[in-house]
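Please build the complete structure, drawing on both the sequences and the hints.
2 protein chains.
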Amino acid sequence: MHEKLRVHIEKIIPLSDEEFAFVLTHFISKKFKKHQFLIQEGEAVKYHYFVVSGLLKLAYTDDTEKQHIVSFAMEDWWESDFYAFYTQTEATMSLECLEDTQVLCLSLEDYKKLCDGLQKMERFFLEKANFGFLGSQRRIISWLTSNAKERYEQLLKQYPSLIQRVPKSLIAAYLGVSREALSRLSP
Amino acid sequence: MHEKLRVHIEKIIPLSDEEFAFVLTHFISKKFKKHQFLIQEGEAVKYHYFVVSGLLKLAYTDDTEKQHIVSFAMEDWWESDFYAFYTQTEATMSLECLEDTQVLCLSLEDYKKLCDGLQKMERFFLEKANFGFLGSQRRIISWLTSNAKERYEQLLKQYPSLIQRVPKSLIAAYLGVSREALSRLSP
Numbered sequence: 001m002h003e004k005l006r007v008h009i010e011k012i013i014p015l016s017d018e019e020f021a022f023v024l025t026h027f028i029s030k031k032f033k034k035h036q037f038l039i040q041e042g043e044a045v046k047y048h049y050f051v052v053s054g055l056l057k058l059a060y061t062d063d064t065e066k067q068h069i070v071s072f073a074m075e076d077w078w079e080s081d082f083y084a085f086y087t088q089t090e091a092t093m094s095l096e097c098l099e100d101t102q103v104l105c106l107s108l109e110d111y112k113k114l115c116d117g118l119q120k121m122e123r124f125f126l127e128k129a130n131f132g133f134l135g136s137q138r139r140i141i142s143w144l145t146s147n148a149k150e151r152y153e154q155l156l157k158q159y160p161s162l163i164q165r166v167p168k169s170l171i172a173a174y175l176g177v178s179r180e181a182l183s184r185l186s187p
Numbered sequence: 001m002h003e004k005l006r007v008h009i010e011k012i013i014p015l016s017d018e019e020f021a022f023v024l025t026h027f028i029s030k031k032f033k034k035h036q037f038l039i040q041e042g043e044a045v046k047y048h049y050f051v052v053s054g055l056l057k058l059a060y061t062d063d064t065e066k067q068h069i070v071s072f073a074m075e076d077w078w079e080s081d082f083y084a085f086y087t088q089t090e091a092t093m094s095l096e097c098l099e100d101t102q103v104l105c106l107s108l109e110d111y112k113k114l115c116d117g118l119q120k121m122e123r124f125f126l127e128k129a130n131f132g133f134l135g136s137q138r139r140i141i142s143w144l145t146s147n148a149k150e151r152y153e154q155l156l157k158q159y160p161s162l163i164q165r166v167p168k169s170l171i172a173a174y175l176g177v178s179r180e181a182l183s184r185l186s187p
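Same order as they appear, the protein sequences are chains D and P. Last residue of the first sequence? That's 187 in full-length UniProt numbering, and every number before it is there in order. Last residue of the second sequence? That's 187 in full-length UniProt numbering, and every number before it is there in order.
Each statement offered as a hint is correct.
Pairs involving identical chains hold if they fit within one copy or between any two copies, as the list cannot separate such chains.
Derived lysine to aspartate or glutamate pairs resembling DMTMM-like cross-links, with alpha carbons at most 25 Å apart:
{"hint": "1", "residue 1": "K30", "residue 2": "D17"}
{"hint": "2", "residue 1": "K157", "residue 2": "D62"}
{"hint": "3", "residue 1": "K120", "residue 2": "D76"}
{"hint": "4", "residue 1": "K157", "residue 2": "D63"}
None of these hints come from the bench; they were simulated from the model. Quick caveat: nothing in here was measured; it's all calculated off a predicted structure.
In structure tokens form, the structure reads like this:
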């Protein structure tokens, strides 16, 4: 499973065996069962998670107890309540397993140590942060310019495997439409 | 005007006079008049811009020629069509002055040279990228959970001075509502 992290990092920066061994010392490996929570609203956010296998959902629950899906995270994705993680404040979102999930966990302290100890990891995280920002910007544009049907088609095109793995009710919560409206959209 | 950039960077990392002089060699200073374009759709995106003074709007025009505001940028903000900038592809958005504007321009080549030449600038850009990502994530949550009235109130609370400086029609295009709907929301 650690090899996955190496392949993932080496898409951006090359690592020697020694460097990768050093990288690994900063991560803790954990396994979770479907329906288990990695992050719960109101609690501390200890880790930034790299998904080795499985599927997670990051969700925000509003005052009326309605759940909104901020993002899904599959293999090779990084996920957390980033705001709470970076500012070391209480989680405003929850992170829950939709499948049995294996993750590598990086604490804020180890994240800083890793960047200090191996400068090129800072480059790696900068690339990931830039592309995370780009992804969010594209999703905002999609919200501004597209209706629910178009957003569904974009999701289908971008992440075809996600649609297979995620219940329709959660896809609807991600798109911001009702389950019934989604049924009319999807084939 | 260069002092503004220094103060801005030093909110995250300290710089010696020599280091700041080195940083500055990577930037070009430019002035634009109200209504001038820094980025036009379909053209190359040469720079990442640091706004010294003035106000910019980043906008996306859809197939029906309707304009959607992705973001505004005021003093101390960085702005660009980031996707086009980082991937060196054609702009899909436009960046236009809403006021006379002074910017410091950083090309992708100089951005890389700056990060290579002064490692701590990589840390600075990583922090900015992380917080840019957080900002986008919060806007997505706001879209998912709030109606137009609530989004208007959030904007008013977060950026009170923006509301004073930006025409109502553009605030409406940012919130994704009609000008008439916004009139009913705003006092």
